[in-house]
Amino acid sequence: MTAARDTVMRRIRDALGPAPEGPDAVPREYRQADGPVDFDPVERFAEVVADYDATVHRVAAADLEDALGRCCRERGATRIAVPPGLPWRVAGVETVADDPPLGARDLDAIDGVLTGCAVAIAQTGTIVLDGAGTSGRRALTLVPDLHLCVVRTDQVLPAVPDAVAAVAPAVREGRPITFVSGPSATADIELNRVQGVHGPRTLDVFLVEG
Amino acid sequence: MSAPGTARPFPEAAREALRDSQLRRNVGKATTTIRAKRAAAVAELPDWEALRAAGSAIKARTMATLPEQLERLEASVARAGGTVHWARDGAEANAIVAGIAKANGADEVIKVKSLATDEIDLNDALEREGIHAIETDLAELINQLAGDWSSHILVPAIHRNRAEIRRLFERTIAQGRELSDEPEALTEAARVHLREKFLSVPVAVSGANFGVAETGTIAVFESEGNGRMCITLPRVLVTVMGIEKVVPEWRDIEVFAQLLPRSSTAERMNPYTSFWTGVRPGDGPEEFHLVLLDNGRTDVLSDEVGRQALHCIRCSACLNVCPVYSRTGGQAYGSIYPGPIGAILTPQLRGLDQAPTLPWASSLCGACYEACPVRIDIPTVLVHLRGRVVREVEGKGRGEKAVMQAVARVFGSRRRYETAQKLARLGRGPLGVLGGGAPGVGAWAQARDLPEIPAQSFREWWAARERGESERGDGRGGSGDGPQAAAGSDLGRAT
Chain D
6 MTAARDTVMR
16 RIRDALGPAP
26 EGPDAVPREY
36 RQADGPVDFD
46 PVERFAEVVA
56 DYDATVHRVA
66 AADLEDALGR
76 CCRERGATRI
86 AVPPGLPWRV
96 AGVETVADDP
106 PLGARDLDAI
116 DGVLTGCAVA
126 IAQTGTIVLD
136 GAGTSGRRAL
146 TLVPDLHLCV
156 VRTDQVLPAV
166 PDAVAAVAPA
176 VREGRPITFV
186 SGPSATADIE
196 LNRVQGVHGP
206 RTLDVFLVEG
Chain F
2 MSAPGTARPF
12 PEAAREALRD
22 SQLRRNVGKA
32 TTTIRAKRAA
42 AVAELPDWEA
52 LRAAGSAIKA
62 RTMATLPEQL
72 ERLEASVARA
82 GGTVHWARDG
92 AEANAIVAGI
102 AKANGADEVI
112 KVKSLATDEI
122 DLNDALEREG
132 IHAIETDLAE
142 LINQLAGDWS
152 SHILVPAIHR
162 NRAEIRRLFE
172 RTIAQGRELS
182 DEPEALTEAA
192 RVHLREKFLS
202 VPVAVSGANF
212 GVAETGTIAV
222 FESEGNGRMC
232 ITLPRVLVTV
242 MGIEKVVPEW
252 RDIEVFAQLL
262 PRSSTAERMN
272 PYTSFWTGVR
282 PGDGPEEFHL
292 VLLDNGRTDV
302 LSDEVGRQAL
312 HCIRCSACLN
322 VCPVYSRTGG
332 QAYGSIYPGP
342 IGAILTPQLR
352 GLDQAPTLPW
362 ASSLCGACYE
372 ACPVRIDIPT
382 VLVHLRGRVV
392 REVEGKGRGE
402 KAVMQAVARV
412 FGSRRRYETA
422 QKLARLGRGP
432 LGVLGGGAPG
442 VGAWAQARDL
452 PEIPAQSFRE
462 WWAARERGES
472 ERGDGRGGSG
482 DGPQAAAGSD
492 LGRAT
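These protein sequence lines map, in sequence, to chains D and F.
For the record, in the first sequence the residue sitting at position 81 is 86 according to the numbering used here, with numbers rising by one throughout.
For the record, in the second sequence the residue sitting at position 403 is 404 according to the numbering used here, with numbers rising by one throughout.
Hints listed in this document are in silico derivations from the structure and should not be mistaken for laboratory results.
Model, not experiment: these values are computed from the prediction.
A virtual CB, placed ideally from N, CA and C, is assigned to each residue, including glycine.
Taking lysine to aspartate or glutamate pairs in the EDC-like style, the calculated list, with each CA pair at most 20 Å apart, reads:
| id | chain 1 | residue 1 | chain 2 | residue 2 |
| --- | --- | --- | --- | --- |
| 1 | F | LYS198 | D | ASP111 |
| 2 | F | LYS198 | D | ASP150 |
| 3 | F | LYS198 | D | ASP113 |
| 4 | F | LYS423 | F | GLU470 |
| 5 | F | LYS30 | F | ASP182 |
Computed spacing ranges between beta-carbons, pair by pair:
| id | chain 1 | residue 1 | chain 2 | residue 2 | range |
| --- | --- | --- | --- | --- | --- |
| 6 | F | ARG172 | D | GLY74 | 40 to 48 Å |
| 7 | D | THR7 | F | THR34 | 46 to 54 Å |
| 8 | D | THR100 | F | PRO282 | 19 to 27 Å |
| 9 | D | PRO89 | F | ARG172 | 41 to 49 Å |
| 10 | F | GLU179 | D | THR100 | 33 to 41 Å |
| 11 | D | GLU34 | F | GLU287 | 42 to 50 Å |
| 12 | F | CYS366 | D | ALA65 | 53 to 61 Å |
| 13 | D | ALA65 | F | ASN105 | 49 to 57 Å |
| 14 | F | PRO47 | D | THR7 | 44 to 52 Å |
| 15 | D | ALA8 | F | GLY283 | 34 to 42 Å |
| 16 | F | GLY100 | D | ALA30 | 35 to 43 Å |
| 17 | F | PRO282 | D | ALA30 | 35 to 43 Å |
| 18 | F | GLN23 | D | THR7 | 45 to 53 Å |
Using the sequences provided together with the hints, build the complete structure.
Quick look at the structure:
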């Protein structure tokens, strides 16, 4: 165990020699966090998410709960899981709080899950979950076949570097981060994109103004 | 399922692959499709070249400071409640994984597609210990059921079409049921088959796309959600990671999370990317083990030109643009790392004598270098490795080296060169031997034409002219073309 570690480390040092060459600094000429962009993040986010075959619902804050309820009825979902303390109610649908934590088989038997998110990325149509608050535990947004996700417009950041910077404190706290870009998919059979292998096969994104 | 230990020579395997017209159609269609999509995805980012430059520099800097980065990673993972193991080779890594599975009473483990574990034949090793490894990636599942091994880094079942997959599923996971040819139906069959495994198997094994030294965070990029299942639901998670996969800072993810998806699946972002840090109470596995694997990587690192092969982020863009790969497919490369990157990585990982033909599996067109998101100069490494193969492998006691040394000696002196020209006319000496095909240089001479040795060299013609003799020289079988022909073959005249 330590012998293996010592051997590998010695091999690396021998391979590199006394003065290994490498660049002194990383050139970061690309667009970094907070850099300028030439698009409207919210509009772009809505377009790109829709490109992934997710459904984007643009709603006013006051209409959110009705919209959630309508969507659940359309999807045939009568019982959905929610992270504890989620601020939204869903009209006409039974919500099951993940407290105490639901077992994987409970989640497998439930119709769907409703969460918020930490931030979202416009350029890539990505929802970023950070394992706390309205994002919930990882299993919540994984096992059920339907994921309803609420994204406030002020959570939408332009590009990947903005989101990586935004969740850095959560990462340093040891929280898991999940990037979700559209529903689960595969292109393994003749490169035809097929929606829904193991993760939620249906993703509904509620983009709430304000 | 796994790649053969020592591969057949590439030319032989490639000839066989080229005769399989179904394979050529499948691979040709797939690579053409991905190539066009990738170009569009890359064109969308105005700062693509700057991202490539950053990605390349991060990797080069990481390699130069690798001991420090691995120590940081080890400390960060331990601080976050994970256990770090070190493996000098595949056998050690396999034993570590088997030990963890046994300690948890598992006779089955679920796996998310991982090249590192394919490289070390983990599945076979576990099977010998009575532990069955279940591949959960759709393509890997197809290959596992068919007893194939991967033909593409990213789309491992690229060589199978839907009709073949349907027949395979009806024989195996969907026995007694009739499926349709539709990819949706085939995917559904896999979903149903694997769901029960995800919910019940206690140990999972994954690879890693990146490991962040600063925070101890491991990243897995995937599409299907099987990766999320494996790293979230089981009680124990074991990740096997090559030592070259470490990156220094969390911030570096902002570069690779842009480069990787667009280069590999030609998507703005792959459906799911998971980052986890050690153990998180109440969320995911209760035990996390990270196995840091050498298995030849330090040998690659010791070659100053070849070490950039370790910068590879396994996107497979170089496969899709390669004129050789897009005709032979991946299996001809005899390694789980096919295509241009495989041609430089496999011989270095396994030893040049184990895959001496791979550096020649390329036309050196340079498309791979242009496509590589971390700017690995594959053509330069290929040429470098060709030199090493000749010097270190083929040079040993082979005719080619002896002849080349003799030729070098001849070209080194005017007197020796002129003597050799005279001898060559008689079909003797080093130049005559090259032209005529000496023992040991058969293949070399087959592909190259030495200009015909003229009856009279330019210098001889000039000397004769000065002496007032005729242009036709001594008349012994002259070509009649006179000085032009003679000058054309006078390779060594710049003295």
